[in-house]
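Participant: Here the protein sequences line up with chains S and B, keeping their order. Read in the numbering used here, the first sequence has 312 at position 312, and its numbers run on one by one without any break. Read in the numbering used here, the second sequence has 63 at position 63, and its numbers run on one by one without any break.
Think of the hints as simulated: they come from the structure by calculation, not from any bench. In this text, a Cβ means the ideal position worked out from N, Cα and C, and glycines have one as well. Treat the hints with caution; some may be incorrect.
Lysine-lysine pairs mimicking DSSO-like chemistry, simulated, CA-CA at most 27 Å apart [to be verified]:
hint, chain 1, residue 1, chain 2, residue 2
1, S, Lys631, S, Lys129
2, S, Lys448, S, Lys528
3, S, Lys525, S, Lys556
4, S, Lys201, B, Lys100
5, B, Lys106, S, Lys338
6, S, Lys383, S, Lys338
7, S, Lys502, S, Lys338
8, S, Lys471, S, Lys338
9, S, Lys122, B, Lys100
Here are a few chain S residues that face chain B, going by a calculated C-beta distance under 8 Å [what the hints assert, rightly or not]:
hint, residue
10, Tyr101
11, Phe114
12, Ala120
13, Glu153
14, Ser154
15, Glu157
16, Leu339
17, Ala351
18, Met352
19, Thr610
20, Gly611
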Amino acid sequence: MALWDLANSDCIIEMGSNIAENHPIAFRFVTEAQRRGATIIHVDPRFTRTSALADIYAPIRSGSDIAFLGGMIRHILENDLWFRDFALEYTNLAHIIEDGYADPESHDGLFSGFDAETRAYKQETWQYKGKTVPSSIAEHREQTEEQAGGDFESMTESPPPQDRTLQHPNCVYQIMKRHYARYTPEMVERVTGCPKETFLKVVETLARNSGRERTGAFTYAVGWTHHSTGVQIIRACTIVQALLGNVGRPGGGIMALRGHVSIQGSTDIPTLYNMLPTYLPQPNVFHDHATLDRYLESETPTTGWWANMPKYVVSLLKAWYGEAATRANDYGYPFLPKLTGDLSQEPMTMAMVDGVMRGQFILGQNPLVGAVNADFVERGLGKLDWLVVRDFAMTETANFWSKGRLVAGGELSPEDIETEVFFLPAAMPGEKEGTVTNTSRLVQWHDKVCEAPGDSRSDLWFIYHLGRRLKQLYADSRETRDGAIQALTWDYPVEGEIQEPKAEAVLAEINGYTVSDGEPVASYKELKDDGSTACGGWMYCGVMPKKGHNVARSRKPDGPDGPGSHLGWAFAWPSNRRTLYNRASADPSGKPWSERKKMIWWDEEKETWTGLDVPDFVETKRPDYRPDWSKRPHGMDALGGNDPFIMEADGKSQLFVPTGLKDGPLPTHYEPIESPVKNPLYGQQFNPTAKLWGRPGNELHPPEDPRFPYVFTTFRLTELHCGGISTRAMPHTAELQPEAFVEVSPELAAELGIRHRDWTVLSSLRGEIEVRAMVTERVRPFTVAGRVVHQIGMPWVFGREGYARGAIANVLLAITGDANTSIHTTKALTVNLRAGRLTQLKREARHGG
Amino acid sequence: MAGDPARAPAGDRHGGQAVDRPGRRALAALDRVLAQRPQKDDHGFSQATQCLSAFRDELIGAHRRQACTREQLVHLNGVISVVLAGHFPLGDVPWGELDKARDWLKALVEAVEPE
Numbered sequence: 001m002a003l004w005d006l007a008n009s010d011c012i013i014e015m016g017s018n019i020a021e022n023h024p025i026a027f028r029f030v031t032e033a034q035r036r037g038a039t040i041i042h043v044d045p046r047f048t049r050t051s052a053l054a055d056i057y058a059p060i061r062s063g064s065d066i067a068f069l070g071g072m073i074r075h076i077l078e079n080d081l082w083f084r085d086f087a088l089e090y091t092n093l094a095h096i097i098e099d100g101y102a103d104p105e106s107h108d109g110l111f112s113g114f115d116a117e118t119r120a121y122k123q124e125t126w127q128y129k130g131k132t133v134p135s136s137i138a139e140h141r142e143q144t145e146e147q148a149g150g151d152f153e154s155m156t157e158s159p160p161p162q163d164r165t166l167q168h169p170n171c172v173y174q175i176m177k178r179h180y181a182r183y184t185p186e187m188v189e190r191v192t193g194c195p196k197e198t199f200l201k202v203v204e205t206l207a208r209n210s211g212r213e214r215t216g217a218f219t220y221a222v223g224w225t226h227h228s229t230g231v232q233i234i235r236a237c238t239i240v241q242a243l244l245g246n247v248g249r250p251g252g253g254i255m256a257l258r259g260h261v262s263i264q265g266s267t268d269i270p271t272l273y274n275m276l277p278t279y280l281p282q283p284n285v286f287h288d289h290a291t292l293d294r295y296l297e298s299e300t301p302t303t304g305w306w307a308n309m310p311k312y313v314v315s316l317l318k319a320w321y322g323e324a325a326t327r328a329n330d331y332g333y334p335f336l337p338k339l340t341g342d343l344s345q346e347p348m349t350m351a352m353v354d355g356v357m358r359g360q361f362i363l364g365q366n367p368l369v370g371a372v373n374a375d376f377v378e379r380g381l382g383k384l385d386w387l388v389v390r391d392f393a394m395t396e397t398a399n400f401w402s403k404g405r406l407v408a409g410g411e412l413s414p415e416d417i418e419t420e421v422f423f424l425p426a427a428m429p430g431e432k433e434g435t436v437t438n439t440s441r442l443v444q445w446h447d448k449v450c451e452a453p454g455d456s457r458s459d460l461w462f463i464y465h466l467g468r469r470l471k472q473l474y475a476d477s478r479e480t481r482d483g484a485i486q487a488l489t490w491d492y493p494v495e496g497e498i499q500e501p502k503a504e505a506v507l508a509e510i511n512g513y514t515v516s517d518g519e520p521v522a523s524y525k526e527l528k529d530d531g532s533t534a535c536g537g538w539m540y541c542g543v544m545p546k547k548g549h550n551v552a553r554s555r556k557p558d559g560p561d562g563p564g565s566h567l568g569w570a571f572a573w574p575s576n577r578r579t580l581y582n583r584a585s586a587d588p589s590g591k592p593w594s595e596r597k598k599m600i601w602w603d604e605e606k607e608t609w610t611g612l613d614v615p616d617f618v619e620t621k622r623p624d625y626r627p628d629w630s631k632r633p634h635g636m637d638a639l640g641g642n643d644p645f646i647m648e649a650d651g652k653s654q655l656f657v658p659t660g661l662k663d664g665p666l667p668t669h670y671e672p673i674e675s676p677v678k679n680p681l682y683g684q685q686f687n688p689t690a691k692l693w694g695r696p697g698n699e700l701h702p703p704e705d706p707r708f709p710y711v712f713t714t715f716r717l718t719e720l721h722c723g724g725i726s727t728r729a730m731p732h733t734a735e736l737q738p739e740a741f742v743e744v745s746p747e748l749a750a751e752l753g754i755r756h757r758d759w760t761v762l763s764s765l766r767g768e769i770e771v772r773a774m775v776t777e778r779v780r781p782f783t784v785a786g787r788v789v790h791q792i793g794m795p796w797v798f799g800r801e802g803y804a805r806g807a808i809a810n811v812l813l814a815i816t817g818d819a820n821t822s823i824h825t826t827k828a829l830t831v832n833l834r835a836g837r838l839t840q841l842k843r844e845a846r847h848g849g
Numbered sequence: 001m002a003g004d005p006a007r008a009p010a011g012d013r014h015g016g017q018a019v020d021r022p023g024r025r026a027l028a029a030l031d032r033v034l035a036q037r038p039q040k041d042d043h044g045f046s047q048a049t050q051c052l053s054a055f056r057d058e059l060i061g062a063h064r065r066q067a068c069t070r071e072q073l074v075h076l077n078g079v080i081s082v083v084l085a086g087h088f089p090l091g092d093v094p095w096g097e098l099d100k101a102r103d104w105l106k107a108l109v110e111a112v113e114p115e
């Protein structure tokens, strides 16, 4: 959904986020919804400004979100509150799963297919009966080896088997009822600490505001993602919303509140280590990816929109390698690096400590503040031969060699650190042109307003000139592996004295063009897999549809009586569409579910989909179209006119996920990896597939460890941004939050003899920090599984540089990863807290105290 | 540094061979990892990686002195890639690939650190 569409919601649940404080610009749409009569609900461990402005506040213990959301799913199913006409038609609720499937209900917290030795699942028993279901997600495989048996062609033979009476014991509906049966309101209270009356109020309010005439939305941020079950938390919300019909409709949906102005863009185009631009899978050396044909065969779903993947991959290769990409050499496919394993930030940190990496570039990041296990990161930086840091003010990362914690503590000394550090000044946003892509997938161009001072340069300038120099360096090489650098197209025009590359030329390449004449392509539907088109990111196709026309520049909002989709404001990928899967805003016959909630509909006269947004559907596909299975239809021919979720292989929203998730087809409550309580729901304590790395310096606390009895969470502040230096170095923001603090409830403070503003020491097996206490009712004790559990929290944005200084919270955290994304856990771990200071303890130790 | 696997005590042996040289230490460390199969010993993998990195430093120095070929360095980097793949797998630990990497390493060590 678009951010502004929140104003059309009848109920908004803010969960895993403190939207008022951390997304204040987005929050105005919540305020507008409230002004129009919507009920606003905040579910959160802390009572924040978001809570203060909500109509209902529901407290929950950090890390118990799936228990809460699972309780909502149960309540919706048991009380028949789901939007039957929507869910039965548009989700896989009626699909029948393989006979061998077994649920955590019968396996004390594990799904069928779990291998205790490898701590991984095999997915055969999760499939639709008789099918092998491809996943729409890059790097989706549970195993390293290829699947034995089953192939995606099974999806072209027939639709997945269904029981629309929902009686079959292995249909998704019955499986879900069994799976969530124990997530009663009483269990929700026991696990989360949220009073059951409050929980029931939340779910009843949302259910009451869903259906044909009303829609509800969720907003979430890293309060959901930074967990070892992060993906499954979001999944639980998708189940709630799909059951209630809150997807693809005005005011309905799940708004992921990305945390930076262009972090959406940074995952779209540069992406993560395991994806090519716009979410194509990175080839993997251990899969059947030796050639382009084998890679495409093994990764391309046979049905649904992703069947077009070959066009996007080949067009990307043509954009990158230009004339060096021909059919004869697989369009340069051999130049692409192939994955060998998890190369995300946490393994990279550990590899750094183990001496694998010789150098590192750090652009716009401050890992010594922002990365978990800060001391571990610092050790790794000290092992590098060289480090390049680009930023506009000195960061803790850049001067670790002289002022780091380990240097201050005597473990390392500057004389012994051989890392050569280059600190290069970076231009600030107003000093460079380009686009940002925000949380609405909105690509907005911004011009440069002034020149960067001195030697400050944009990141685009840096990367371009680095690439240019590397190409010169390797120009005469005969090594096969240098072919990739040699083949790269790197002919962006530059201008001015400092030879700044034209950002619009890069955007034009991302948009795509026909190779023969260089003319832009207007839509991704024009892309081909025969080398005649080039495109740096298929989802961005259409941002520059004609030469000189940059849609990202346009600024024409709808008027007050307009459709409200603001199609004239910038460009939303793909195809300037504002709400994804908006086919679901119409019923199976193509009529809006209601006049109040109309978005797109079928125009029988013109035989096309039309409406207030760009239809996310084949424009001319009739709502009553049904695939002719006798012809083994592929691609979009295999999806009916009533299958809105076109990126899925059968066009249905997946309540139950047969393929693509490493930790199970249904969200299941597990405790955080570090927890003061045993899992009240199952014997399986925490996510069995979570990524754990037991090694010195990264020790974990066992469950119920009496040495570390408090739940600890971290959070951001409105006034200080992320890794902090951009705002800690500015007097006018620094003075608003001048010093680090830890939030402690009055109850815990009384128990430990801590007064407001006293010094305290926080400790874990990873390290210790000292920080002043803020004694506040923003954090409250919870009653969990019959006992009191205290929760404390600290902003993670402080460091030793700038005007606003304080301890680095990430010293306390361990390196662990979500099974699917490898994301770290920052929202729920355990620590100890005591009154006093670090130096006091050391003083007492010397005197034998 | 105490416990640094890249600097084993003098006189340490593995398979009857002295492990006082970086390549042989790396081979011994990798063998210890493989002996734990199917358990993934993170600490063992870390030690093996540290030893391999130290061996790589030796080969880089040797390459600069033209005492080692580029191909040998490329092979060792391949071994390191596979060991990292085992330490940080996407899916199953590729034990079969680790066995192959072990054979590559053994051949390399015998060529570069002959008895």
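Participant: Each hint should be assessed against the structure and marked as holding or not.
Facilitator: These are the hints, each one checked on the structure:
Simply put, S/Lys631 and S/Lys129 have alpha-carbon atoms about 21 Å apart, close enough for the 27 Å limit, and the pair holds. Annotation: proposed proximity of S/Lys448 to S/Lys528 is violated, straight-line Cα distance about 35 Å (limit 27 Å). Proximity of S/Lys525 to S/Lys556 is assessed by CA-CA distance (about 26 Å); at most 27 Å being required, the pair is judged to hold. Distance check on the hinted pair: S/Lys201 and B/Lys100 sit about 60 Å apart at the alpha-carbon level, beyond 27 Å; violated.
For a cut-off of 27 Å, the pair hint linking B/Lys106 to S/Lys338 stands: about 25 Å separates their Cα positions. Proximity of S/Lys383 to S/Lys338 is assessed by CA-CA distance (about 26 Å); at most 27 Å being required, the pair is judged to hold. For the hint linking S/Lys502 to S/Lys338, the alpha-carbon distance of about 30 Å lies beyond 27 Å, and the restraint is violated. A distance of roughly 21 Å separates the Cα atoms of S/Lys471 and S/Lys338; the hinted pair therefore holds under the 27 Å criterion.
Using a Cα cut-off of 27 Å, the hinted pair S/Lys122 and B/Lys100 holds, with the two alpha carbons roughly 25 Å apart. The criterion of a C-beta within 8 Å of any C-beta in chain B is not met by S/Tyr101, whose closest approach is roughly 21 Å, and the hint is violated. The closest approach between the C-beta of S/Phe114 and any C-beta of chain B is roughly 13 Å, which is over the 8 Å cut-off, so the hint fails. Evaluation of the S/Ala120 hint against chain B yields a held restraint, the C-beta minimum of about 6 Å falling below 8 Å.
For S/Glu153, the interface hint is violated, the least distance from its beta-carbon to any beta-carbon of chain B being 23 Å, above 8 Å. A least Cβ separation of about 22 Å between S/Ser154 and chain B goes past the 8 Å threshold, and the interface hint is therefore violated. Given hint, S/Glu157 at the interface with chain B, is violated; its Cβ is 28 Å from that chain's nearest Cβ, farther than 8 Å. A cut of 8 Å between beta carbons decides the hint on S/Leu339: the least distance to chain B is about 7 Å, and the hint holds.
The interface hint given for S/Ala351 is met, as the beta carbon of that residue sits about 6 Å from the closest beta carbon of chain B, less than 8 Å. For S/Met352, the interface hint is violated, the least distance from its beta-carbon to any beta-carbon of chain B being 10 Å, above 8 Å. Hint status for S/Thr610 relative to chain B: violated, with the closest Cβ pair at about 43 Å, above 8 Å. Annotation: interface hint on S/Gly611 violated; nearest CB of chain B at approximately 41 Å, more than 8 Å.
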